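Top to bottom, those sequences are chains A and B.
For reference, each letter of the first sequence is one residue, going 1 to 278 in UniProt numbering.
For reference, each letter of the second sequence is one residue, going 1 to 405 in UniProt numbering.
Calculated from the structure, these hints are not laboratory results.
Here the structure is a predicted model, which is why all the values come from computation and not from measurement.
Don't take each hint at face value.
To be verified - Pairwise CB distance ranges (calculated):
{"hint": "1", "chain 1": "A", "residue 1": "Arg177", "chain 2": "B", "residue 2": "Glu39", "range": "18 to 24 Å"}
{"hint": "2", "chain 1": "A", "residue 1": "Arg177", "chain 2": "B", "residue 2": "Val313", "range": "50 to 56 Å"}
{"hint": "3", "chain 1": "A", "residue 1": "Arg14", "chain 2": "B", "residue 2": "Glu39", "range": "47 to 53 Å"}
{"hint": "4", "chain 1": "B", "residue 1": "Gln49", "chain 2": "A", "residue 2": "Gly101", "range": "32 to 38 Å"}
Even for Gly, the Cβ is constructed at its ideal location relative to N, Cα and C.
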Amino acid sequence: MSFVSDVREVARSRELLVNLVRRELRSKYKGTALGWAWSLINPLATTAIFTVVFSTVMRVEPPVGVDGLHSYPLFLLCGLLSWNFLTAAVQGGQSVLLDNGNLIKKTYFPRRLLVISHVAAAFVSYLVEMGVLVAVFLVFGVNVLPWTPLVLGLMVLLAVFALGLALLLSVVNVYFRDVAHFVALFMQIWFYATPIIYPISLVEGVQDGQSWAADLPLTTLYQLNPMVGFVESVRDMLYGGQLPPAGPVLYALAFTLVSLWVGNAVFARLQGRLAEEL
Amino acid sequence: MNGPAIVVEDVAKRFRVYHERNQSLKIALMRGKRANYDEFWALQDIDLQIPQGKTFGLVGHNGSGKSTLLKCLAKILVPDRGRITANGKISALLELGAGFHAELSGRDNVYLNGSILGLTKRDIDARFDDIVGFAGLEQFIDSPVKNYSSGMYVRLGFSVAISVDPDILMVDEVLAVGDEEFQRRCMEKFQEFRDDGRTIVVVSHALGTMRSMCDEVAWLDHGRLLAVGSPSDIVDEYSGSSRHDQVAAADGDTGARWGTGELQVTGVELVHGGGVGGAVRTGEPATFRLTWAAHEPVAKPVFAIDIDTPEGVSVTSTATRDAGPVPDVLEGEGHVDLVVPRLPLLPGTYVVRSWASDVGGLHVYDQRDKVLRFDVAPAPGREQGGLVTLDGAWQPPMRPHAPGR
Ligand SMILES: Nc1ncnc2c1ncn2[C@@H]1O[C@H](COP(=O)(O)OP(=O)(O)O)[C@@H](O)[C@H]1O
Ligand SMILES: [Mg+2]
Numbered sequence: 001m002s003f004v005s006d007v008r009e010v011a012r013s014r015e016l017l018v019n020l021v022r023r024e025l026r027s028k029y030k031g032t033a034l035g036w037a038w039s040l041i042n043p044l045a046t047t048a049i050f051t052v053v054f055s056t057v058m059r060v061e062p063p064v065g066v067d068g069l070h071s072y073p074l075f076l077l078c079g080l081l082s083w084n085f086l087t088a089a090v091q092g093g094q095s096v097l098l099d100n101g102n103l104i105k106k107t108y109f110p111r112r113l114l115v116i117s118h119v120a121a122a123f124v125s126y127l128v129e130m131g132v133l134v135a136v137f138l139v140f141g142v143n144v145l146p147w148t149p150l151v152l153g154l155m156v157l158l159a160v161f162a163l164g165l166a167l168l169l170s171v172v173n174v175y176f177r178d179v180a181h182f183v184a185l186f187m188q189i190w191f192y193a194t195p196i197i198y199p200i201s202l203v204e205g206v207q208d209g210q211s212w213a214a215d216l217p218l219t220t221l222y223q224l225n226p227m228v229g230f231v232e233s234v235r236d237m238l239y240g241g242q243l244p245p246a247g248p249v250l251y252a253l254a255f256t257l258v259s260l261w262v263g264n265a266v267f268a269r270l271q272g273r274l275a276e277e278l
Numbered sequence: 001m002n003g004p005a006i007v008v009e010d011v012a013k014r015f016r017v018y019h020e021r022n023q024s025l026k027i028a029l030m031r032g033k034r035a036n037y038d039e040f041w042a043l044q045d046i047d048l049q050i051p052q053g054k055t056f057g058l059v060g061h062n063g064s065g066k067s068t069l070l071k072c073l074a075k076i077l078v079p080d081r082g083r084i085t086a087n088g089k090i091s092a093l094l095e096l097g098a099g100f101h102a103e104l105s106g107r108d109n110v111y112l113n114g115s116i117l118g119l120t121k122r123d124i125d126a127r128f129d130d131i132v133g134f135a136g137l138e139q140f141i142d143s144p145v146k147n148y149s150s151g152m153y154v155r156l157g158f159s160v161a162i163s164v165d166p167d168i169l170m171v172d173e174v175l176a177v178g179d180e181e182f183q184r185r186c187m188e189k190f191q192e193f194r195d196d197g198r199t200i201v202v203v204s205h206a207l208g209t210m211r212s213m214c215d216e217v218a219w220l221d222h223g224r225l226l227a228v229g230s231p232s233d234i235v236d237e238y239s240g241s242s243r244h245d246q247v248a249a250a251d252g253d254t255g256a257r258w259g260t261g262e263l264q265v266t267g268v269e270l271v272h273g274g275g276v277g278g279a280v281r282t283g284e285p286a287t288f289r290l291t292w293a294a295h296e297p298v299a300k301p302v303f304a305i306d307i308d309t310p311e312g313v314s315v316t317s318t319a320t321r322d323a324g325p326v327p328d329v330l331e332g333e334g335h336v337d338l339v340v341p342r343l344p345l346l347p348g349t350y351v352v353r354s355w356a357s358d359v360g361g362l363h364v365y366d367q368r369d370k371v372l373r374f375d376v377a378p379a380p381g382r383e384q385g386g387l388v389t390l391d392g393a394w395q396p397p398m399r400p401h402a403p404g405r
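Please work from the sequences and hints to get the whole structure.
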């Protein structure tokens with residue numbers, strides 16, 4: 001099967017992959033005074049802003065977590081970090097072929113590596129951020145360490161999901177440059193359609209409430225979003241201290257497989273003419 | 001050691017030539033198609049066997065498909081028809097230093113570029129000093145490549161590409177760039193490769209070099225293979241047919257001329273003492289006026305003037321990229337002046353070569369050898385011999401001070 005040979009080709013060039021990831025990481029914060037600190041400052045700043053806006057001003061109540069934990073910033077970070085990774089991987093990944101046009105036009109190497117290395121570099125930042133989050137939970141006296149293997153598993157799954165999307169969008173973007181704008185818009189909608197800044201219980205509340213949307217099968221529609229599974233499951237474990245239900249995880253897994261398969265197939269189909277279309 | 005290094009069977013490559021490049025999804029959806037384009041066959045019916053251990057040359061006019069064929073061989077382009085089989089590791093030198101990342105240091109770029117070309121970290125560790133030494137960049141290897149001059153860029157790129165130990169090396173016109181010293185070292189390196197029994201595929205406009213260097217030459221014309229055979233036969237036939245390429249020859253000039261032609265160097269004259277031509281004196285103000293014509297807008301062009309002796313000794317080489325303004329875009333006709341306040345050349349005859357290229361120096365629009373020949377007349381009180389005046393002033397003899405004044 002061609003998918004297997006694609007994987008093999010990538011595996012054969014892992015040395016180059018490592019170098020590309022290193023290049024990506026090095027050039028990311030190169031020339032900035034604070035360097036790597038930015039990868040922590042950014043989520044901290046967003047957390048501060050969202051906490052003021054949504055918790056202090058708009059009074060979104062985070063659910064009560066494990067051992068009576070009740071903290072909006074911790075609740076938020078459990079979802080926000082995964083979301084930030086997805087945006088970095090997909091939104092940055094879609095332009096990675098355009099940015100490396102010269103490399104593609106003048107040298108040969110498996111083109112996928114550019115996309116994979118971009119997602120991998122974003123994943124490294126994600127790992128660091130999640131590591132810091134785990135440390136923060138420990139400082140708050142919540143022992144999340146037993147959950148880390150499962151959380152890591154979900155993170156890897158999310159990375160594969162993002163890789164599929166990035167593979168798809170990166171080649172499509174070479175042919176239609178304005179796809180990037182659609183994606184930016186879509187990501188914004190997707191962000192609010194995912195329980196990151198608010199608990200999922202609020203959505204269930206709408207269906208039971210009085211508003212015009214009460215008649216819609218809102219929770220069912222809501223569950224179609226695969227990011228719900230990723231975000232809620234990580235949060236269940238770290239913030240809630242409990243095993244997440246299997247359903248959304250399996251749903252996210254299915255989505256991940258489809259995303260990777262479709263992304264890879266489209267990439268394989270369109271990559272042959274990259275050197276002349278760029 | 002037997003069997004061909006590369007077999008090309010019935011290969012064809014088609015490009016799309018866009019009339020109206022449309023990369024907006026909205027317009028595409030409205031029209032129901034993405035773009036308006038013609039198909040254009042850049043290569044057709046190419047059947048070739050490149051023997052192992054031989055140096056194989058490709059000649060042909062600009063646009064005949066030489067680079068396209070090399071890119072197909074290097075897997076950068078995928079042919080629309082036919083098959084290419086290569087036995088052995090390929091390293092293609094299509095553009096020197098391609099793939100360097102401007103923000104990263106020379107060191108990081110060597111590792112990155114090396115791994116693109118298939119080297120492991122250990123390989124590069126072992127060869128690193130050789131790579132940097134060949135490029136002569138020991139002091140600069142830790143500064144970002146964006147601070148490199150084009151010459152440094154080119155040397156480092158070549159040095160990395162050559163260190164890959166390929167079985168098959170492909171070279172596209174890189175013999176034409178860089179200074180003479182660099183070209184000489186490249187040639188030595190190629191000779192080493194040949195002696196090691198590796199296969200070289202080379203594209204070059206330097207027909208003399210092609211004749212002496214290649215074992216076999218193929219002639220491409222409008223995307224088709226016209227002939228394959230011994231270098232002397234093919235090169236003679238080709239250069240006979242390509243007179244019209246050498247515009248300079250038609251102008252009554254003896255110098256070779258080549259380039260892609262978007263921007264042309266229409267002439268170089270020496271303006272001095274209020275007049276044109278004749279002999280200029282050492283130490284007089286002089287202006288080299290380079291006239292150009294661009295039939296289409298050309299972005300960031302670089303002009304250069306090289307002065308040699310008739311024997312071929314390089315006296316100086318100066319380009320606007322290194323020592324002058326580079327305009328964002330040029331179109332139409334005009335001239336650029338190289339103003340020399342005091343001509344430092346000593347009496348004798350000098351020959352000017354001039355060229356126009358892109359800012360990287362790798363894409364040559366027009367190069368004219370021997371575009372101008374001029375004489376320098378003696379002026380009183382100058383050096384006795386040599387090529388240049390130091391414009392120095394001898395001071396009266398001094399004696400050491402007597403100690404303890
Ligand atoms: N990416 C491309 N898209 C469309 N046409 C191209 C592309 N690359 C090359 N061509 C065309 O293909 C022809 C062959 O080009 P090339 O192989 O570069 O010629 P050569 O190297 O012999 O000068 C030229 O007419 C050129 O304009
Ligand atoms: Mg060419």
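Task: Hint check for A:Gly101 and B:Gln49 - Cβ pair distance inside 32 to 38 Å - done: holds (33 Å)
TODO: Mind checking the hinted window 18 to 24 Å against the Cβ distance between A:Arg177 and B:Glu39?
DONE: Once the Cβ atoms are compared, 22 Å apart, the range 18 to 24 Å for B:Glu39 and A:Arg177 holds.
Task: Cβ distance range 47 to 53 Å for A:Arg14 and B:Glu39, holds or violated - done: Because 38 Å falls outside the window, the suggested range is violated.
TODO: Check the following: the C-beta atoms of A:Arg177 and B:Val313 are separated by a distance inside 50 to 56 Å.
DONE: holds (51 Å)
Against the hints set out earlier in the document, a violation occurs for number 3 only.
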